[in-house]
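Those sequence lines, one after another, are chains X and G. Per our numbering, numbering of the first sequence is gapless, rising by one per residue and ending at 310. Per our numbering, numbering of the second sequence is gapless, rising by one per residue and ending at 310.
These are computed hints drawn from the structure, not numbers from a lab. Because the structure is a prediction, the values reported are computed rather than measured. Any given hint might turn out to be false.
As the list claims (entries may be wrong) - Keeping only pairs whose Cα atoms sit at most 16 Å apart, straight-line, the calculated EDC-like set for lysine to aspartate or glutamate is:
id	chain 1	residue 1	chain 2	residue 2
1	X	LYS212	X	GLU130
2	G	LYS291	X	ASP264
3	G	LYS250	G	GLU188
4	G	LYS249	G	GLU263
5	X	LYS291	G	ASP264
6	X	LYS291	G	GLU263
7	G	LYS291	X	GLU263
8	G	LYS249	G	ASP264
9	X	LYS191	X	GLU256
10	X	LYS163	X	ASP122
11	G	LYS187	G	GLU242
12	X	LYS177	X	GLU209
Said to hold, decoys possible - Partial list, derived from the structure: chain G residues whose beta carbon lies under 7 Å from chain X:
id	residue
13	GLY136
14	TRP267
15	GLY271
Backbone N, C-alpha and C fix where the C-beta goes; we use that ideal spot for every residue, glycine too.
Number of protein chains: 2
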Amino acid sequence: MKETRTKPTSSDVAVRDRLLAGAAELFTRKGYNGTTVREIVAFAGVTKPVLYYYFRNKEGIYIELIRAAFVKFDALLDETRKERGKSIERLLRFSDRVFALFMENIKVARLMYSIYYGPPQGAPFFDFDALHLRLQEAVRSLIKKGIRQGELPKGNVEDRVWIILGAVNMAMEVNLSHPERAIDRKGFVRILNLILRGFQQEGRR
Amino acid sequence: MKETRTKPTSSDVAVRDRLLAGAAELFTRKGYNGTTVREIVAFAGVTKPVLYYYFRNKEGIYIELIRAAFVKFDALLDETRKERGKSIERLLRFSDRVFALFMENIKVARLMYSIYYGPPQGAPFFDFDALHLRLQEAVRSLIKKGIRQGELPKGNVEDRVWIILGAVNMAMEVNLSHPERAIDRKGFVRILNLILRGFQQEGRR
Chain X
106 MKETRTKPTS
116 SDVAVRDRLL
126 AGAAELFTRK
136 GYNGTTVREI
146 VAFAGVTKPV
156 LYYYFRNKEG
166 IYIELIRAAF
176 VKFDALLDET
186 RKERGKSIER
196 LLRFSDRVFA
206 LFMENIKVAR
216 LMYSIYYGPP
226 QGAPFFDFDA
236 LHLRLQEAVR
246 SLIKKGIRQG
256 ELPKGNVEDR
266 VWIILGAVNM
276 AMEVNLSHPE
286 RAIDRKGFVR
296 ILNLILRGFQ
306 QEGRR
Chain G
106 MKETRTKPTS
116 SDVAVRDRLL
126 AGAAELFTRK
136 GYNGTTVREI
146 VAFAGVTKPV
156 LYYYFRNKEG
166 IYIELIRAAF
176 VKFDALLDET
186 RKERGKSIER
196 LLRFSDRVFA
206 LFMENIKVAR
216 LMYSIYYGPP
226 QGAPFFDFDA
236 LHLRLQEAVR
246 SLIKKGIRQG
256 ELPKGNVEDR
266 VWIILGAVNM
276 AMEVNLSHPE
286 RAIDRKGFVR
296 ILNLILRGFQ
306 QEGRR
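Isolated chain X, as found in the complex (with noise of 0.2 Å):
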């Protein structure tokens, strides 16, 4: 397989991005192992020394491509690590920028969405669980210490990650499965204020 080294001249960015959109896409309908360097290529409209050029090979398209989701949510998680202010307004913002890089990436997450549940494909692995596990703990920490600073009644912190996460899923789950009944980023921050205020108001039955 020779790799072509010449720097292609034409917005280099766009079509690392085409190429880039075009896996996910073709990945997501074909599988991993379904899909050949050939259909990426044509689906981007770039020749094959492009794709190699950028990323070597299939594998290195779906790496970068799952990657780059990884540091994108890790950047989020870093950010919110370092805000200051009332919890619950954080975990609300959090959750928020959560949805908001879901949507800003979902043929990605509809393709990691396929990795996880479909069959093995055959793919290079990620560990979506641990991905899974940090935004879990994100959640926690922050009602942890909602409860700590008295914006949150004491009682059960599972029980809310749950509820919260649950939401989260459920917004992102019917933009992969239904757009045209989705929850928008409006929406779903109407959500979270309506279950931040039910957890508000427990303690005082």
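The hints should help you fit chain G onto chain X, whose structure is shown.
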């Protein structure tokens, strides 16, 4: 393909169930297309004619797996529709039963997730979206009734539907993905109660 119509003598139900369980397991692990009749019968410890006798072929066993799940779910919907009493209690009981049904059929549920989110595997079509729409509609109808009967404050119905379904989905998915840290039926009811109390408090701020 010769079809043997000689009825197996020993424990029909057990043999049939073993074939179904084996098929669900293998379809999930290797994909529908990637699974052969030979593998299914080996897994179940029977011969090919036994599979042909009960299900005719691979497609027949898949259809029976999914069809049975749809039938059970629709029976649950019918049962719920006929019930009388407080809407909140009916909603709680219904959600609990949906979760219990899922847990009792978790191998088929896992297969359904794999078919729904995974790449096309050549399996006969079932309308999983329609199933989920019926679930949504049942929850929506009970929430509306709860509002009409003054058990729940007026307010956005859809947001509350999503919160309930988010909890249902989360409980299901954590059992698919992390059975070791899973939400059990008791925990799930506790979570639902927490959500519903939050809804009930909503009017009183």
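Status of each hint after checking the structure:
| no. | hint | result |
| --- | --- | --- |
| 1 | LYS212/X with GLU130/X | holds, 7 Å |
| 2 | LYS291/G with ASP264/X | holds, 11 Å |
| 3 | LYS250/G with GLU188/G | holds, 13 Å |
| 4 | LYS249/G with GLU263/G | holds, 10 Å |
| 5 | LYS291/X with ASP264/G | holds, 11 Å |
| 6 | LYS291/X with GLU263/G | holds, 13 Å |
| 7 | LYS291/G with GLU263/X | holds, 13 Å |
| 8 | LYS249/G with ASP264/G | holds, 12 Å |
| 9 | LYS191/X with GLU256/X | holds, 8 Å |
| 10 | LYS163/X with ASP122/X | holds, 15 Å |
| 11 | LYS187/G with GLU242/G | holds, 15 Å |
| 12 | LYS177/X with GLU209/X | holds, 11 Å |
| 13 | GLY136 | holds, 4 Å |
| 14 | TRP267 | holds, 5 Å |
| 15 | GLY271 | holds, 3 Å |
When held up to the earlier numbered hints, the structure conflicts with none and fits them all.
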